[in-house]
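S.K.: All chains should be built: construct the whole structure from the sequences, respecting the hints.
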Amino acid sequence: MAPNPSVLVTGVSTAEHLDDFARTELGISADAPKVILSRCCFVTVGSSKAGFRALLEEVISEHFLKFMKQTGYQDMAVQCGPDLEWFEEQLKGRRTFGIKIHCFDFTDEIYRYYLCCRGEYRARLAGCVIAHCGSGTILEVMRYHVALIAVPNPTLADNHQQELAEVVDKNRWAVFGQLGHLTDAVQETRLRTAQGRLDDLPPFEEPVFPPTEEDRSTTLFDWMVLTCYPDAMAKATQMRATAQHGESVERELSSGCSTTAAAAGRVSDIASLQMD
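Residue numbers for the sequence shown follow the working numbering, so the first one is 1 and each next one is one higher.
Hints are computed from structural coordinates only; laboratory data are not their basis.
Model, not experiment: these values are computed from the prediction.
Where hints are given, some of them may not hold.
Said to hold, decoys possible - For each label pair, taking beta carbons as the anchor points, the in silico distance ranges come out as:
no., residue 1, residue 2, range
1, Ala-54, Asp-31, 44 to 54 Å
2, Asp-108, Phe-204, 15 to 25 Å
3, Arg-94, Gln-187, 18 to 28 Å
4, Glu-109, Glu-85, 15 to 25 Å
5, Thr-96, Ile-36, 12 to 22 Å
6, Ser-135, Asp-31, 15 to 25 Å
Claimed, not checked - As a list, the in silico BS3-like pairs of lysine-lysine whose alpha-carbon atoms are at most 25 Å apart:
no., residue 1, residue 2
7, Lys-66, Lys-92
8, Lys-170, Lys-100
9, Lys-66, Lys-100
10, Lys-92, Lys-69
11, Lys-69, Lys-100
Every residue, glycine too, gets a C-beta built ideally from N, C-alpha and C.
M.R.: Right under this line is the structure:
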């Protein structure tokens, strides 16, 4: 077979030279930070003492780790809660397919792990967070614009996390992760990462407070609070209708498109709604 003229055989690994070559071709300064071309996955069971062994067991299964390696993941951090010793025992002698696994029980700086999974333009590729389906965890991860897989813990009372997982998936706040099918959920995060261009995010900045209407976390928080208090939801709906009605009357009065009597009637309606 004739040699391929487009292939350069050097006898040494060229991997270490590819970065310099790419920088030269793309016009990137040699002093610029190197791009991390692998993805990081963070698994968290939350702060509950109940633990979530079923989740921990699946994320270190050979099937899952092999899939993660093929998908471009190289690092995995696992917050094990009360099952740290059990998890470390399970890792002994297990094939990890080259994925580096770091585990711990609890931390006061969990945000650092979320940031490691956040994509950043010319800095690192976006990874994902796989978490128990706790509302606090979901809200916190969303602040960092990281692809999230929310996994309900079926051992908790009334399996109450199931409904939340369905809602966040329907609204695309997170991917519904089902035990036994987490590779499907990871595949979905890759699709959403591409759609949302999460590999190309700017450096993270703390969000403004109070949050703007465009903040997705606000919508989720509203849903969680108001569904727990139906009277509050009804009142909020009424207040929203009142505000919209008021804006309509204001526009009519300012444009002169409404008679005084008609406008007065609408103002009376608004007052009635507010009194209710």
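S.K.: Run every hint past the structure and note whether it holds.
M.R.: Consistency of the hints with the structure:
no., hint, verdict
1, Ala-54 to Asp-31: 44 to 54 Å, "47 Å, holds"
2, Asp-108 to Phe-204: 15 to 25 Å, "19 Å, holds"
3, Arg-94 to Gln-187: 18 to 28 Å, "23 Å, holds"
4, Glu-109 to Glu-85: 15 to 25 Å, "22 Å, holds"
5, Thr-96 to Ile-36: 12 to 22 Å, "19 Å, holds"
6, Ser-135 to Asp-31: 15 to 25 Å, "43 Å, violated"
7, Lys-66 to Lys-92, "17 Å, holds"
8, Lys-170 to Lys-100, "33 Å, violated"
9, Lys-66 to Lys-100, "12 Å, holds"
10, Lys-92 to Lys-69, "19 Å, holds"
11, Lys-69 to Lys-100, "10 Å, holds"
Hint violations for this structure: numbers 6 and 8, all remaining hints satisfied.
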